Amino acid sequence: MSKVIFSNITKRFPGITGATAVDRLNLTIEEGTLVTLLGPSGCGKTTTLRMLAGFETPSDGTITIGGRDVTNVPVNARNVGMVFQSYALFPHMSVRENVEYGVRLLNLPRAEMKDRVASILDTMALAQYADRSPSRLSGGQQQRVALARAVVTQPKVLLFDEPLSNLDAQLRERMRDELRAIQLRLGITSLYVTHDQSEAMAISDRVVVMRNGVIEQGDTPLNVYSRPGTGFVAEFMGKANILRGKVETADAAVVRVRITSTMTFDLSSDGRVFRPGQEVRCVVRPEHIRVEPEGTMAAKVRRVVFQGAYVEYLTDLEGQECVFLDTEYYRTGVAEVGQTLRLSVDSRPVWILPENEADAMGKAA
Amino acid sequence: MTLVSQATPSGRTGASPAFLRKITVDPWLFGLFALVTLSVLVFAVLPIFTVMKQAVVTDHGFDFAALADTLSQSFVWESLVNTLLLGATSAVIATAAGFLLAFSATRTTMPGKTFIHGVALLPIISPPFVMALAVVILFGRSGLVTRELLGIRNANVYGFHSLVLIQSLAFTPIAYLNIRGMLQSIDSALEDASASLGASRWTTFSRVTLPLVTPAILSSTLLVFVKSVEDFGNPMLIGGNFNTLAVEAYSQMVGYFNLQAGALLASLMLVPSMTAFLIHRYWVSKRSYVTVTGKPTAQTIRISGAVVIPLTILCYAVAFTILTFYLTVIYVSFTKLPGVDNTLTLAHYKTVFTAGFETLSNSLLLAGVATPVTAIAGMLIAYLLVRKAFPGSFLLRWGTLLSFAAPGTILGIGYVSTFNAPPMLLTGTAFIVVAAMVVKNLQVGIEAGSNQLRQIDKSIEEASTVLGASNTRTFFEITLPLLKPALFTSLSYAFTRSLTTLSAVIFLVSANWTLITVTILSQVETLKLGVAAAYCSILVFVVLAILAVMQFLLTSTSKR
Chain A
1081 MSKVIFSNIT KRFPGITGAT AVDRLNLTIE EGTLVTLLGP SGCGKTTTLR MLAGFETPSD
1141 GTITIGGRDV TNVPVNARNV GMVFQSYALF PHMSVRENVE YGVRLLNLPR AEMKDRVASI
1201 LDTMALAQYA DRSPSRLSGG QQQRVALARA VVTQPKVLLF DEPLSNLDAQ LRERMRDELR
1261 AIQLRLGITS LYVTHDQSEA MAISDRVVVM RNGVIEQGDT PLNVYSRPGT GFVAEFMGKA
1321 NILRGKVETA DAAVVRVRIT STMTFDLSSD GRVFRPGQEV RCVVRPEHIR VEPEGTMAAK
1381 VRRVVFQGAY VEYLTDLEGQ ECVFLDTEYY RTGVAEVGQT LRLSVDSRPV WILPENEADA
1441 MGKAA
Chain B
10 MTLVSQATPS GRTGASPAFL RKITVDPWLF GLFALVTLSV LVFAVLPIFT VMKQAVVTDH
70 GFDFAALADT LSQSFVWESL VNTLLLGATS AVIATAAGFL LAFSATRTTM PGKTFIHGVA
130 LLPIISPPFV MALAVVILFG RSGLVTRELL GIRNANVYGF HSLVLIQSLA FTPIAYLNIR
190 GMLQSIDSAL EDASASLGAS RWTTFSRVTL PLVTPAILSS TLLVFVKSVE DFGNPMLIGG
250 NFNTLAVEAY SQMVGYFNLQ AGALLASLML VPSMTAFLIH RYWVSKRSYV TVTGKPTAQT
310 IRISGAVVIP LTILCYAVAF TILTFYLTVI YVSFTKLPGV DNTLTLAHYK TVFTAGFETL
370 SNSLLLAGVA TPVTAIAGML IAYLLVRKAF PGSFLLRWGT LLSFAAPGTI LGIGYVSTFN
430 APPMLLTGTA FIVVAAMVVK NLQVGIEAGS NQLRQIDKSI EEASTVLGAS NTRTFFEITL
490 PLLKPALFTS LSYAFTRSLT TLSAVIFLVS ANWTLITVTI LSQVETLKLG VAAAYCSILV
550 FVVLAILAVM QFLLTSTSKR
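Quick note, the sequences are listed as chains A and B, same order. To convert, take the position in the first sequence, counting from 1, and add 1080; that gives my numbering. To convert, take the position in the second sequence, counting from 1, and add 9; that gives my numbering.
These are computed hints drawn from the structure, not numbers from a lab. A quick note: this is a predicted structure, and the numbers were derived from the prediction, not measured. For each residue, glycine too, the CB sits at the ideal point set by N, CA and C. Possibly wrong hints are sitting among the right ones.
[As the list claims (entries may be wrong)] Looking from chain A toward chain B, a few residues come up when the C-beta cut is under 8 Å (computed):
| # | residue |
| --- | --- |
| 1 | Val1155 |
| 2 | Asn1156 |
| 3 | Met1162 |
| 4 | Phe1164 |
| 5 | Phe1170 |
| 6 | Tyr1181 |
| 7 | Leu1185 |
| 8 | Pro1189 |
| 9 | Thr1233 |
| 10 | Ser1348 |
| 11 | Gly1351 |
| 12 | Val1353 |
| 13 | Phe1354 |
When you get a sec, could you build the whole thing from the sequences and use the hints?
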């Protein structure tokens, strides 16, 4: 009923540069799901969100909410809720007045209005602060007021514009889980914008990675992380080594890729066709590499960063850079720069990047 | 909002042009914008252009002969030179005095800073010609100082020297506040850094502090210059044969009924005013190294010892001169016939509250109407200019700027000429007086509102619209309450100025609607100094009381 569809949305900002912020974007947010737009600053994610809110008008294309074309509907007639990065609480109103503001505009019977406000304040554990000024609340409480204010009008779509970036690291994780729990409980279709990949993975039904105004990949968090469509996605979703290799043998199920003179991976072809001699790029996550005296790979240590829970090594692998994390340093000791370590790689999660056009384009840009 | 949903048929692809959408999204707000812009054009721009037209066009069309005739008369050039000379002299002296006060108050251990600050602000809240009145009382032909103390019989108080003294004292507060704001916003760490590098106090002052406040010094000089050019009351009262453009324009208009000469002189006033104003706005203010936020940073007072003594003496001399003038006016308001019969009496107040009560109540009523209109219109215009770029915004921006920079004289003459025939027959009405007050004082509210708006997170207003409120509703329920400090600044300024203004309204008062400032002027001219002093005292008292009430309202409503 409140499925959101972006069709061929383009946004050019006026000016001499004529920069295209969003370029022919197609995106569907299924009813009741939470989709995250993830990407570096300037990738067009915030512009996309603001077009759905109605603050920006697309230069081209249409946006529908629940089948209704809202492309030219003004902000205040769209019935969307939004949680802002700065919370944007009305500083001259109490918590209750903030939450009431949108409900008053619905012209509901007074009793129903009071009920709705009381119930949402209860849900958000804000009842005891109802008559306080928002400036006298903690960051997490302000965040909850912002969310309460956004959902109390029962909007069709809920928008989040980097809502957690003003919180400190510990509180951020707690609020993240709270936001997700409430979104699931209300079953409200949501679009969430962030540049934090771990936040995106933790909260979303689908993660959409954007870059230079286009979608690089949109999929479940698990797939985006473990089966990235492009090198950019692989590197944006956490730490990744992209190791060049050459296909030695390939059959319908298994591809053997040689990475170094001493090491090969036997990988699932995943239904794709590879031919011997083909150059490929393999995504190897640092957590899948281990120091092992019998390891087949020899790596020369170039940099050592001690992080407490683990030691991060930057090593040289016959001319290719390779980063990995050693969580067992307390048993084997911390290696020094110049030393050679023997490594073994769990090849099951290693993923061969598809050599598609989008990636080539991305590299050019 | 029904209009809007009709204007957006569903199923249509693509988007409507951005500027059309801005209008259709909020037709009410665009309507307000159109109304405000039209009003500014009619009541600010049109009158000024009418005056400029009158200066060169007579019944025979563009009349070069008449123009040449007027320009060949010596009073034109004399008054122009006088105006520039007076403006330049007052600007330099007032800025120097303002700097002295500001520096001593922010950087030294001078005792009694609150006292100095309070006294220095007095001239800002009173009509500028209170000073002129005091000077006449003290130094006039039967002056308290000249005749009573010194026994001089034929003291000539009228002329350039008195004008310089009065204007310098009257405009020192402008320079003081301006320079003080900048001195306070300079990070003391810069001066500490200079000292730590081994610089002496003098080197730190001349190489670090002074260059940093130079923009404020320049801007004060230009502002005082503009104020001096615009000043009508003081030159009128005490100029004697030293006529400035404002006075000459008035006497040509009212004394000789020479409309063309009056218009020409008023137009000439526009040249120095606009030049100084534009230099200030587009050159000096862009050369500032520090941003004046109005939020004082912690200052360490590091200048103490012998140097403070001469500074203190000078500051107290300025403060005591100002105070003496005001106390003189109050004293005289209780004196039977100053200089002749010094017995104390309440007779002057009796006159004011009986025969003269109407003029007082008129002033309060008209200023009371003009003040909220000025302040709310100022906030609305600031919002329209900063947040909504409607097509045609530049008309509004330049229209209000012009009305602010233009001297009151040209506005007054312009109103008389523009609104004296149907369909805009407004001369003699209260409306025209209120309109002049609003137009003249609008810009201060716009500036204060714009600065405050830029500090307010835009997403607070977005949050309101996303919750379903229209832009108009957002302005009145969210933006306006958040602009409260700027609103109160504007209210205070508009009220003070509307009550004490003279240069524009002197052309507009009528038998039905006369104002307290005009009455004071005529009382002084007929040498009823006691009554004039009583009016002035009441005026200062009323302004102080209203400002105190506003301050109280502001602080008591912002506590939560």
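Against the structure, the hints come out as follows:
1. The interface hint given for Val1155 (chain A) holds, since its Cβ lies 4 Å from the closest Cβ of chain B, which is under the 8 Å cut-off.
2. At its closest, the beta carbon of Asn1156 (chain A) sits 5 Å from a beta carbon of chain B; the interface hint therefore holds under the 8 Å criterion.
3. Taking 8 Å as the C-beta cut-off, the interface hint given for Met1162 (chain A) holds, the closest approach to chain B being about 5 Å.
4. The beta carbon of Phe1164 (chain A) comes within 4 Å of a beta carbon in chain B, closer than 8 Å, and the hint placing it at the interface holds.
5. Interface restraint check for Phe1170 (chain A): the shortest CB-CB distance to chain B comes to about 6 Å, inside 8 Å, so the restraint holds.
6. A distance limit of 8 Å between C-beta atoms decides the matter here; for Tyr1181 (chain A) the minimum to chain B is near 6 Å, and the interface restraint holds.
7. With 8 Å as the threshold, the beta carbon of Leu1185 (chain A) comes within range of chain B, its nearest partner Cβ sitting at about 4 Å, so the hint holds.
8. With a cut of 8 Å, the hint placing Pro1189 (chain A) at the interface with chain B is violated, because the nearest CB-to-CB distance is about 17 Å.
9. Checking Thr1233 (chain A) against chain B: minimum C-beta separation of about 6 Å stays under 8 Å; hint holds.
10. Evaluation of the Ser1348 (chain A) hint against chain B yields a violated restraint, the C-beta minimum of about 43 Å exceeding 8 Å.
11. Interface hint status for Gly1351 (chain A): violated, as the beta-carbon distance to the closest one in chain B is roughly 37 Å, over 8 Å.
12. Taking 8 Å as the C-beta contact cut-off toward chain B, the hint placing Val1353 (chain A) at the interface is violated, the least distance being around 40 Å.
13. Checking Phe1354 (chain A) against chain B by beta carbon gives a least distance of about 43 Å; that is not within 8 Å, so the hint is violated.
Comparing the model with each numbered hint stated earlier shows that hints 8, 10, 11, 12 and 13 do not hold.
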